[in-house]
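Chains as they are written, first to last, in our numbering: chain R, 1 to 510; chain S, 511 to 1020.
Treat the hints as calculated values from the structure; they're not laboratory data. Misleading hints may appear alongside valid ones.
[What the hints assert, rightly or not] In silico DSS-like links for lysine-lysine, alpha-carbon gap of 30 angstroms or less: (1) S:Lys674 with R:Lys483; (2) R:Lys508 with S:Lys674; (3) R:Lys236 with R:Lys207; (4) R:Lys508 with S:Lys993.
Values in this document were obtained by computation on a predicted structure and should not be read as measured data.
There are 2 protein chains.
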Amino acid sequence: MTTYESYVTQYGQVKKIDAFAYLSYLHDHPQEPRKHGKVVLVTADTPLKASRGEGKTTTTIALIDALRARGVDAAAVLRQPSMGITAAGSKGGASGGGKASLTHPELIDWGLCGEMAAIAAAQNLLVAFAEKAVDDGRLDTIAVPRVSETPSRSLRQIAVDRGKGDVPERTVLTPTCELMQIVVLSRSMEEIAQRVSEMVAGSFEGKPVVFGDFIDLWRITNILGDAVKPALTETKQGSPVYVHCGPFANVSIGIPSLVSVELACALHDVVVVEAGYGTDAGAQKWLDIAAREFGAQWPAAAVVVTRATTWRDDPKLSWRYPFHINRLERLGLAAFPLVNLWEGEDDQVGQLRQQAADLGFRTPIIGNLFRDGGDALAEQLDAFIEALEQHDDASVRGDESLDSHRGMDTVDDIKWIIRSAYGVPAGRVLLREGFEQSLGNARELCASLGKDLDDMVVVAVKSPATMTDDDSAAEQDRSVTLKKVEVHAGAGLVQVNLTSSLTTPMPKIV
Amino acid sequence: MTTYESYVTQYGQVKKIDAFAYLSYLHDHPQEPRKHGKVVLVTADTPLKASRGEGKTTTTIALIDALRARGVDAAAVLRQPSMGITAAGSKGGASGGGKASLTHPELIDWGLCGEMAAIAAAQNLLVAFAEKAVDDGRLDTIAVPRVSETPSRSLRQIAVDRGKGDVPERTVLTPTCELMQIVVLSRSMEEIAQRVSEMVAGSFEGKPVVFGDFIDLWRITNILGDAVKPALTETKQGSPVYVHCGPFANVSIGIPSLVSVELACALHDVVVVEAGYGTDAGAQKWLDIAAREFGAQWPAAAVVVTRATTWRDDPKLSWRYPFHINRLERLGLAAFPLVNLWEGEDDQVGQLRQQAADLGFRTPIIGNLFRDGGDALAEQLDAFIEALEQHDDASVRGDESLDSHRGMDTVDDIKWIIRSAYGVPAGRVLLREGFEQSLGNARELCASLGKDLDDMVVVAVKSPATMTDDDSAAEQDRSVTLKKVEVHAGAGLVQVNLTSSLTTPMPKIV
């Protein structure tokens, strides 16, 4: 048994890997052999609506199958789909499709090994402990929301203790909760415990109270025992796929656990990380949150998926795809356009290539990935593989600095994101009534905790299908409105809601 | 690999067994070797309070360790503890203690392989689908409660859609929900789907609507995929322990899944099933629900656990232990008293034996099971083993018939239970105001479904620590009050709440 294998456990039809322990072992044993995989993002055009995917997971799977067919040791890292959404039928599974599928999509789509359920139980237990603290006279109000894995719009705003206290509360979808963010961003169980201890439970006599003041942290970390371990499954072609945490780059950070990517990089040469929804959500968050602020790897390249129809059918929105490609190139990433053809679109290849050439893109990769899987791609990857080989970690990274934004004024920081990722200059960032108040409250909350709001990492919360108040408007008329801010002190994040975001991240079944 | 092994999958530190498929294989292959294990119940005195156990799990573990030390192929079947309760610290783990422990108690206590979480997700998805049916104008009201694995008293009564509909709802603890009962009682995924289709979702224009009328049943059964498989773990001494579903014999049926017991019986000679809380809860439900109505095995013997203090310290309650022993003997079960000693009680053995002799009990089994585990028991099991060997499945089963009570008037049936299991005659069964109305509604509901309330199996819902309105009263003054009834049409059960029961089965953290 290799050292690595001693950290792997069979778990039904998948394997679970104790990434915390294995990475810690590698850290402590610098002579132990390992790989230094390069990260590639698979991201996408902004979707026309949230429930319509461009095929990022299908592309991710086809891409690693194709790379491995060409002799490259590639693996993928996927976020675990939100089981409630999948189970409810609101969107298809998030495990690829057709020839570009996982061997056991049902596992990924239907709860995997209970990871998200464990995070839900732990977050709800935090609420229950806060409730007990209210009963015990140690807390006046509760700040932490309950979570549900099942989408249910009526849970957005609830009252508990109906007929007695009628206490207002809200319920958010599990993957969007602060504890999920903490699991995604932490590199050890100790870090998780520390971050949970810094989560704000509520207030007492007007002052914030953190969980570290009154709970046994081991009760939370015990629940999370196996949930912190990434799962390993494979594609139908036998390529390795790690799955761990973190969907919903629209309403949360949308990043797979950092350790799942680091684990994959220690084991493979190329690690394809799915970063959705669009580039404005998933890629923005990988670059500006994971890489810039939490030590994740700056990607060597990106594949930007679109559908022929998404790219072209709405002329008022067709600015978005080239905007994304150009932004990534400007940041120093080799950004490869990939058009995922649907049935009946094979005859459009010439036209699509011409369109890409007109826009000055790299040569696009085009194929019907559902039908043909990696076979559609293998012959088209020369330039992509060359870009990876030539990529030098120390090379110039374009015109943006990788320096942390911690300490930058929160509003300046969100304006920076809006300019960089959505193309709207600071002068057209509007503040909705109540925003300044919300910002002031957040600033005060942080001060009470002995922290500075400006040190929190900014998370834009928005609709997955829009970047601005009206993406169909002419460029010079596009604006972005800031709505409210919410501090996740344990995760070290400040979420800034933009106009089109849900007030409470809890979708309805559609 | 044996046939059996092909149905077993490693799942982290436990194994999961596809009991549905294996039992179906055995059914279809009568020549395939198998065992015909005898069921033994480990049940207990009625606890002085819910959070104080007598040590049933510890006894169960010590008992199989002792039996195996004596060459008997014994195994145990435990119900999965409610993770929320354990995690919240409201009671100790439910995985034994000291020398009589499981190898990985943390797994059992902290969510196992996500079985209960999957059942929670499926039941909550049913609620979400019902909510969508309301939005779609196919349902006016929702009848099925949401569930939470985390105890939280303020969830007992909630209002959803606060500020819009303010719709009253309630949330019950996951293990008490109808879907858990369905998983416990079903012998195939098809049976689960059928029972879910018969669950009442709510009403439309005054008539009940069942889930089969509007949902895709496969969405529910997919979620339950691995949750229906019993887990196999072991004691520190290496004895096999199956864990699956069903805690809370006070507010629900409190039975491990029937297939987990049938699986164990096919593999071992003696199968020790933990049946708690007290005999009035766990054993009553195994005998009157599982065995009498759902084809489970009538036990060959019972071990009735008490603590020296529980048995003796409250003279007004000391009638309960002999009442339980005598009831089981009257039903034809060899009922062995077992006194689980605490530290410092070793000198009480002589006195306890005398007390048992005075009451006409079988020779009691006495030991400190936390400290000594199975070693405390092995030498004391001659009579117990002899009783098992002499037990003949076809032998007379005492003065009660095993004939089904289906078709018996529901009130007569609950009165039968109250007389038989709590010792209170029909003349002292009182009806609380509103009970008749509740009964009438239930009868009407069943009629609307084309069913008869009297065909539903009666489940008594009560406090775990009491059998009557006042257990401390003199025998001739003891009464039981009937409070309300609730039909679980899919599970085929009618729950009858007795006075001291919670209206909504959702404990608070204590």
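How the hints compare with the structure:
no., hint, result
1, S:Lys674 with R:Lys483, "22 angstroms, holds"
2, R:Lys508 with S:Lys674, "15 angstroms, holds"
3, R:Lys236 with R:Lys207, "54 angstroms, violated"
4, R:Lys508 with S:Lys993, "37 angstroms, violated"
Comparing the model with each numbered hint stated earlier shows that hints 3 and 4 do not hold.
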